[in-house]
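K.L.:
Sequence:
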Amino acid sequence: VHGDTWLASELADATMASAARLSLLDRAVRPFAVNVFAGQRLFNDGWGDVALWRELRALAMATQRGESTFRDRFVLPKLDIEFSNKKRESDHLVCEGRFESPAAKHMPIECRVAHFQLFVPTQKRFVPTIDGARVCGNREFRPLVVLLAPTGDHGFLRRRALFSKPLLAAGIATLILENPFYGTRKPSAQFRSSLSQVVNLLSMGAGLVSETLSLLHHFETTGQHGFDLFGVSGVSLGGQMAGHVAVTADRPLAVVPCITPFSAAPVFTEGVLKSWCDWPLLSAQLPSFVNAAPELLLVPPHHDPSIEPAAVLPNTEPGAAVSAPELLFKLLNEVTDLRFYQQPKTVDAVVQVAARHDAYTPRPGALLRDHWRGSHLWWVKGGHIQAYVVHFSLFGRAIAEALSRLALQQVPR
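At position 91 of the sequence shown (counting the first as 1) the number is 98 in this note's numbering, and the numbers step up by one without a gap.
Misleading hints may appear alongside valid ones.
Unchecked claim - Taking lysine-lysine pairs in the DSS-like style, the calculated list, with each CA pair at most 25 Å apart, reads:
no. : residue 1 : residue 2
1   : K352      : K85
2   : K172      : K93
3   : K281      : K193
4   : K131      : K94
5   : K112      : K172
6   : K352      : K281
7   : K172      : K131
8   : K94       : K172
9   : K193      : K112
10  : K112      : K94
What the hints assert, rightly or not - Computed Cβ-Cβ distance ranges for the label pairs, DEER-style:
no. : residue 1 : residue 2 : range
11  : V418      : A328      : 26 to 36 Å
12  : G190      : A69       : 27 to 37 Å
13  : L415      : A328      : 52 to 62 Å
14  : G139      : R61       : 43 to 53 Å
Please keep in mind that the hints were generated in silico from the structure rather than gathered at the bench. All figures in this text were calculated on a predicted structure; none of them were measured in a lab. Here a beta-carbon is modelled for each residue, glycine too, at the ideal position from N, C-alpha and C.
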């Protein structure tokens, strides 16, 4: 059920029928899924603070240029973690933790304290295998993987049931990090998962990247639980955030983005989520927002022109007219398109899982695989919802394989 050529025998039929077949389940589920956002549309408070846009955009541009500005400011080698609810079960330890986010100043006050659950196997050890064969002899490891949340995943329950508990049986520890703007970190004025401002997406990303890398550094430098392999994974939005962790990190990581967009831009301007954005308000605020920050219309000079955009970019000449969807695409794409960043340190330890007919994630899988040459792409049938509901066990297998590939890189030959 995996591998770059898994659907090779079906490609001819899929190419002809893809437009008609594209994630019918995704679209059928849409009336029910919209309840996640019901009552408030996405970005119902507009574009957000211009000064925050400038700062977060500048940090992203510096990271794209290979500079360490973000890591120097927002990745801490050791965190002041308050642990609680420690329990010893028959085959694992579980506890909760909280700490102040290194990126706290870029988020609303309710988002500033990070919360997580940690699951550590006590009996089983991880033995790296690829295609059923051990790749590091009899050597055993103690890996830790941070699990990041998809859109609308508040708290820990889903990731605990679908990923943490099954991965314990493989000897893999997991840390479930709660997203800023979700669960106990949700701003009081925000309704469910409907981010109030576009800039909240950037704040969420900065928070998750800084918190994830700081957690990994913390457990490595303190030696707590003896972890010796580290990784990050997520589904949908969580997979995109995992990708940003990987391209920001200065160390090798196992990276498993599942049903993940290479950029947030087409998700909100082409995919199913497009209809949930508050376009009338974004359009009404557009003139004042652009006048306050006209430089946001300019294309960053370091961007590689050979990287094709996911859609037609607007005319970005000074004074040119631009629509709200065009500007949203432009701003999100230049910050979130993973192809503008440096490659992960160990590309062979990247295993991506993509759904062939995904309506939430336009053009999944291949664009990122082709850019991260040497990475691995596993295809599954169906769309976004089907992949998450039916193939979640494959996501766990992908995590195990990415860790195995990372272990193989670290064992002396």
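K.L.:
For every hint, state whether the structure bears it out.
P.N.:
Here is how each hint holds up against the structure:
1. K352 <-> K85: The given pair, whose Cα atoms are some 22 Å apart, holds under the 25 Å limit.
2. K172 <-> K93: Answer holds: K172 to K93 is near 16 Å, not above 25 Å.
3. K281 <-> K193: Holds, at about 22 Å.
4. K131 <-> K94: 17 Å, holds
5. K112 <-> K172: This hinted pair is violated, its Cα atoms lying about 34 Å apart.
6. K352 <-> K281: 33 Å, violated
7. K172 <-> K131: 13 Å, holds
8. K94 <-> K172: 15 Å, holds
9. K193 <-> K112: 15 Å, holds
10. K112 <-> K94: Violated, at about 33 Å.
11. V418 <-> A328: 26 to 36 Å: Check failed, 58 Å falls outside 26 to 36 Å.
12. G190 <-> A69: 27 to 37 Å: 30 Å, holds
13. L415 <-> A328: 52 to 62 Å: Given about 53 Å between the Cβ atoms, the range holds.
14. G139 <-> R61: 43 to 53 Å: Check passed, 51 Å falls within 43 to 53 Å.
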